[in-house]
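2 protein chains.
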Amino acid sequence: MTETDDILLEAFSKTLRRRRQAKKLSQEELADLAGVSMRYISLLESRRHQPSLATLRGLCLGLGITMVEFMAEVEVGLPDHKPETD
Amino acid sequence: MTETDDILLEAFSKTLRRRRQAKKLSQEELADLAGVSMRYISLLESRRHQPSLATLRGLCLGLGITMVEFMAEVEVGLPDHKPETD
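Chains as they are written, first to last, in the numbering used here: chain A, 5 to 90; chain B, 5 to 90.
Worth double-checking, as some hints may not be accurate.
Heads up, the list lumps identical chains together, so a pair's fine if it works in one copy or across two of them.
[Stated by the list, open to error] For lysine to any residue, the following SDA-like pairs were computed, each having C-alpha atoms within a straight-line distance of at most 20 Å: (1) K27 with S41; (2) K27 with I11; (3) K28 with V80; (4) K28 with D84; (5) K28 with S46.
Just so you know, these hints were derived from the structure itself, not from any lab.
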């Protein structure tokens, strides 16, 4: 795990927790919606595991948002984030 | 691997290949930029592996795009894709 990965995981875990709480879901409820275990949600939110693409997708479906919406919030938390210039 | 995961992997692998070719990068060149092996790029593009969050981030850095840009193209390839309403 590099330092960059650690920052990425932190941004991910914070976004996950914030979005889950905004939906007033417990870790268990989100786990059910996303098709993973509650233990896995706990590991993700405490930065002890990073999600695969399929898990990210499941979490977003459970949260009722797109992966784009989720990743936009993750990227805001990264140090090299720049507003879109296109 | 569920059918949904398979569709997700297909959308991901197509986006990866299209973006790599648009940058005129070989699999080897992208591997170097993303900090992974060429074999791994090959596995991703042939849908035999799905990326972790850190790998997705590395690929996007190598391609010079944000994760949001990348995931927007992936989501267009998913059957339940709807234009943003927000």
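Problem - 20 Å Cα threshold - placement of S41 relative to K27 - result: Only inside one copy: K27 and S41 sit 18 Å apart there, 39 Å across copies, limit 20 Å.
Exercise for the section: At 20 Å max between alpha carbons, let me know whether K27 reaches I11 within a copy, between copies, both or neither. Expected result: neither (24 Å within a copy, 27 Å between copies)
Problem - Alpha-carbon proximity between K28 and S46, which holds within one copy, between copies, both or neither at 20 Å - result: within (16 Å within a copy, 41 Å between copies)
Problem - Up to 20 Å CA-CA - D84 versus K28, copy category - result: neither (31 Å within a copy, 24 Å between copies)
Exercise for the section: With 20 Å as the alpha-carbon cut-off, assign the pair K28 and V80 to within, between, both or neither. Expected result: neither (23 Å within a copy, 28 Å between copies)
Comparing the model with each earlier hint shows violations of hints 2, 3, 4; every other hint is respected.
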